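Note that the protein sequences, when read in sequence, are chains A and B.
Residues 1 to 274 in the numbering used here are what the first sequence spells out, letter by letter.
Residues 1001 to 1298 in the numbering used here are what the second sequence spells out, letter by letter.
Misleading hints may appear alongside valid ones.
When the alpha-carbon atoms are kept at most 25 Å apart in a straight line, the in silico BS3-like pairs for lysine-lysine are as follows [what the hints assert, rightly or not]:
(1) Lys1012(B) with Lys101(A)
(2) Lys101(A) with Lys1297(B)
(3) Lys1012(B) with Lys99(A)
(4) Lys1293(B) with Lys99(A)
(5) Lys101(A) with Lys1293(B)
(6) Lys218(A) with Lys129(A)
(7) Lys129(A) with Lys1057(B)
(8) Lys1297(B) with Lys99(A)
Away from chain B, derived, C-beta distances all over 12 Å, residues of chain A [unchecked claim]:
(9) Thr56
(10) Gly65
(11) Ile69
(12) Thr76
(13) Val80
Derived from the structure by calculation, the hints contain no laboratory data.
As the structure is a prediction and not an experimental result, all values here were calculated from the model.
The beta carbon of each residue, even a glycine, is placed where N, CA and C say it ideally should be.
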Amino acid sequence: MKKQKNTIWIIIIALFLLGTMFPIYWMLVTSFKSFQEVYNLIPRLIPEKLLWSNYTELFTKYTFGPALINSIIVSTIVAVGTIVISLYSAYAVSRMEFKGKTFMPQLFLMAYLIPRTILFIPIYLLLAKIGLLNSIWGLMLVYPTITIPYATWVLISYFQGTPKEMEEAAEVDGATRRQVIWQIIFPIAKPSLVSTLIFSFTLCWSEYIYALVLINDKFERTITVALSSMLVADIIPWGSLSAGAVICALPIMIVYIFASKHIVTGLSMGSVKG
Amino acid sequence: MAVTHNSLSKTKFFSWENLPLIILLLTTLYLIVFQGITTIWSLGISTTNKTIGGNSKFIGLGNYLKLFANGTYRGAMWFTAVYAVFSVGLKLVLGFVMALALNKPIKGRAVIRALLFLPWALPTLTSVLSWRWMLGDVGGIVNHLLMTFKLIKAPVGWLGEPALAKWSVVMVNVWRGTPFFGISILAALQAIPSALYEVGDIEGANGLQKFRYITLPQSMSVVLLVTLISMIWTLGDFSVIWLMTRGGPANSTHVFSTLSYITAFQNLQLARGVAISMSILPFSILLLIVIMKQIFKK
Chain A
1 MKKQKNTIWI
11 IIIALFLLGT
21 MFPIYWMLVT
31 SFKSFQEVYN
41 LIPRLIPEKL
51 LWSNYTELFT
61 KYTFGPALIN
71 SIIVSTIVAV
81 GTIVISLYSA
91 YAVSRMEFKG
101 KTFMPQLFLM
111 AYLIPRTILF
121 IPIYLLLAKI
131 GLLNSIWGLM
141 LVYPTITIPY
151 ATWVLISYFQ
161 GTPKEMEEAA
171 EVDGATRRQV
181 IWQIIFPIAK
191 PSLVSTLIFS
201 FTLCWSEYIY
211 ALVLINDKFE
221 RTITVALSSM
231 LVADIIPWGS
241 LSAGAVICAL
251 PIMIVYIFAS
261 KHIVTGLSMG
271 SVKG
Chain B
1001 MAVTHNSLSK
1011 TKFFSWENLP
1021 LIILLLTTLY
1031 LIVFQGITTI
1041 WSLGISTTNK
1051 TIGGNSKFIG
1061 LGNYLKLFAN
1071 GTYRGAMWFT
1081 AVYAVFSVGL
1091 KLVLGFVMAL
1101 ALNKPIKGRA
1111 VIRALLFLPW
1121 ALPTLTSVLS
1131 WRWMLGDVGG
1141 IVNHLLMTFK
1151 LIKAPVGWLG
1161 EPALAKWSVV
1171 MVNVWRGTPF
1181 FGISILAALQ
1191 AIPSALYEVG
1201 DIEGANGLQK
1211 FRYITLPQSM
1221 SVVLLVTLIS
1231 MIWTLGDFSV
1241 IWLMTRGGPA
1251 NSTHVFSTLS
1261 YITAFQNLQL
1271 ARGVAISMSI
1281 LPFSILLLIV
1291 IMKQIFKK
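Chain A on its own, in the form it takes in the complex:
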């Protein structure tokens, strides 16, 4: 009886795995196929031979290079900036006294949950006013509206679950706030900070609607927009698009291999619930 039950769960898991992995596998396989093979009427589950031409074409035919560099710059700068700002903000919310303190976590959560589709047109107008349309600087100004609320919220929960005895002891010994933050809190909080950093990077790396609206210039756009612009064609170049999708997924895959535990926790409601 017991054994039979487990079989059912194993079948369910197998189905989930198949449904999850097949689209990823198919994208990977397509990215290595030749144009002829991609459009063959009878698709082959395993490609005849592995070709890199779809990848090279991305850079020679579709100005993917600048987009890749832009995405790396924007995501890295915003993610690192976010961590520093959020560390300080979360510290202030959890360890300092001021009026309106209790409302702060709610403000950050609200800012995290508010849909971007409500804000994208006025943000476009705002950036047009200050002359930052068509520039990755504009994106760097806007993306923290996505990453800071998330990171600060997670770090507030972290601080609330961490005893402050060590910090207090250091303060009694005359440590300044800066020393407390960087010499006591920072080393202990490192794992949380790393997973928050990774997730902030991911949020910027995958962002689409702001990048689509705020940037028109071929050389200022990010990978998501560069790839989606390839969808507007009579014959959609699925080989190269798949190659682009793979590159787009690559940093996440790499991080996943090394730190999937961190990511999974970072993505879960655990981080929202605190």
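Put chain B on the given structure of chain A with help from the hints.
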């Protein structure tokens, strides 16, 4: 945000000791400007006839009245609701099953768990591209497989026929979002004290009864919260639909966000586009209030 005195901050406000507070203050201002004020500003714009590059004149509720009379808008309203309800409903059911399955003692569980959560970690663009390619009518693997197994006779226009396109975008949203429910509910399941199940065993409860009287009530608050959060995100979703169908065929898969993008940036009717995007605001605010109450109820 006035500083009250504590042992360390008896100096003036702008000091190194107060750096965290200063940064918090600036961050708060930044978020208020970019999210709070822009929202209010949009409400203002939606009462004008502003176009891109044109002047604007106050027309009150003119945009909204015109929109309600417009069939495409009403279609988008309807599909926004259908898309959100069906996607979230399916994600909830599948996510719950996924969490229950992953909660069983199965070999290689950690690896399986990581693999099943991939769709949520991957960029939306990656998953949407992959699905759009698989569902394509030329060279699409889905049609090919269905024909191989004799489930369909001729290729089906997954994204070309309105009814199928609607299901297709829901399916992609579900594929991407199910792991979010899965991880969150799994965490809730693992937090249920095993003593409860032992008591159930002693009292002779069967699997279904244990699910009904232990698992379900114990995970309810997390399930509710995840559902609400997913609802607010799905109502505001843009990428999946825009990248799959651009609202087509024949406007059948438009939601508020895609219609507002087209109206504002392709038809250049900025104010009307804002009015469309503002249409989800009442629901978003309502959901936000409920979510806040749920999280901060302690």
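Taking 25 Å as the top limit, are the C-alpha atoms of Lys101(A) and Lys1297(B) close enough?
holds, 17 Å
Verify that the Cβ of Val80(A) lies farther than 12 Å from every Cβ atom of chain B, and report whether the claim holds or is violated.
Check passes; 15 Å lies beyond 12 Å.
Does Ile69(A) sit more than 12 Å from chain B, CB to CB?
Holds, because the least Cβ-Cβ distance between Ile69(A) and chain B comes to about 17 Å, which exceeds 12 Å.
Do the alpha carbons of Lys101(A) and Lys1293(B) lie within 25 Å of each other, as the hint requires?
Given that 25 Å is the threshold and the Cα spacing comes to 17 Å, the pair holds.
Holds or violated: are the alpha carbons of Lys1012(B) and Lys99(A) at most 25 Å from each other?
holds, 16 Å
Checking one constraint from the list: CA of Lys218(A) to CA of Lys129(A), max 25 Å. Satisfied?
holds, 21 Å
Pair hint Lys1012(B) and Lys101(A), alpha-carbon separation not exceeding 25 Å
holds, 19 Å
Lys129(A) and Lys1057(B): Cα distance at most 25 Å?
Distance of about 19 Å is within 25 Å: holds.
At 12 Å, judged by beta carbons, does Gly65(A) keep clear of chain B as stated?
For Gly65(A), whose nearest Cβ neighbour in chain B is about 18 Å away, the distance exceeds 12 Å, so it holds.
Satisfaction of hint between Lys99(A) and Lys1293(B), Cα-Cα up to 25 Å
The hint holds at about 21 Å.
Beyond 12 Å from every chain B Cβ: check whether that's true for Thr76(A).
holds, 16 Å
Hinted pair Lys1297(B) and Lys99(A), Cα distance within 25 Å:
holds, 21 Å
Violated hints: none; the structure is consistent with every hint.
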